[in-house]
Amino acid sequence: MSRYLVDKFMHVVNMNEAAEEAYVENPPGFVARWEKGERLDFTAEERRALERRDYGSLYAMGAHPFLLWSFTEAVWRHEMDREELVKDYKAKAAAAGYPDFET
Amino acid sequence: MAQLVTMLGITHNPFMPKLFKQAQQPPGAAKVQERIAMMRARLAHHKPDVLITIGNDHLHQFFMDNMPAFMIGKMDRFHGTFYDEVREFGLPECDLPGDLEFCNRLLEGAFERGVDFAYSSELTVDHSIVVPMLFVRPEMDIPIVPILTNCIAPPLPTARRFYEVGRAIRSVIDSLPDGKRVGVLVSGHLSLEVGGPRQFERRLTDPDFDARAVGWITTGDIDAAARDCTFEKMLPSGNMTLGFLNFLMAMGVASGASPTHAEGLDAGFPAVPFFAWERNEEGAGL
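Residue numbers (our numbering), protein chains in the order written: chain A, 22 to 124; chain B, 777 to 1062.
Next comes chain A alone, as it looks inside the complex (with noise of 0.2 angstroms):
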């Protein structure tokens, strides 16, 4: 269940300016804030990977790969150039594959 929340909280951190500046100023704390209110909890590995906003580990697990780059680009945006984000971003996608993204 918890590949569904992790779609569920790139989703929330995508579609709204609030949550995905919230996110970016202090990402172990969004997290540890939001997951309080779902009746789901991640793994420990995906609250690792979103507390480092690290997409490489978030698209080897499966996370759906439209939203995980629509996400990826919001919260990276004003710190990676985009060019850079898009290679670094194929790369680690390459190593992992095509990864089952079924919820």
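For the record, the hints were derived by calculation from the structure and aren't laboratory data.
All the given hints hold, so there is nothing to weed out.
Quick list of in silico lysine-lysine cross-link-like pairs, PhoX-like style, CA-CA up to 25 angstroms:
(1) B/K1009 - A/K113
(2) B/K807 - B/K797
(3) A/K111 - B/K794
Once you have looked at the hints, place chain B on chain A.
Here is chain B on its own, set in the frame of chain A:
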């Protein structure tokens, strides 16, 4: 009797509207814009009173807590686009008139034909409908009846089901007593990857799939399409190639009519789909 006068199939590449406004454009952009202008002229020529717009939601209105296979918007106005699409693609917020009575008739007519659409009375449409409208009817003055599909969150309905839903839509259109001229605007992809190792490449993602897909549309070969358009078989052609399924719904709406235009344009992007079906002066075609 309502009459289906034209059906267009087109890309909903969300980067293109902004790209086409920039001073510096990649090679091939002019070719894409030329085709879009041609599609815009075709739509204007057929003067539809209402436009059924078919596209796949991209985890905006739809989500996996409550995932419909197919949904009809049931409103007299529809808001277009979401915060993330304004941020990432620079899409404009828009306001599209809806034809609520037509929405209701289509929904009820589909129920009678064994297609149980979900419906929404608070629907915001994303780039799968906004981008085609910006391309072929930027005035946004023709009332729409939006149909959204799930091409993104597996498990998906089968390819054949997309086709059958299209057939049911056509059957409802043909049975409506008013004299409305009905247009259908369908958006989708050929081979495409987003969020995977092959995203944002300025070339065809899988030319072999693209050629086969255009062939199925040209010949109306739903059996061959259904055989090859399973989730497992489409994934290697690009993780979002699933968006082609919308064009199988179009094939169902066409109900055996041949397209007047069918192409996967190779213009330095993933293949750009352009399909058209039209009723000619003699009433033949669609």
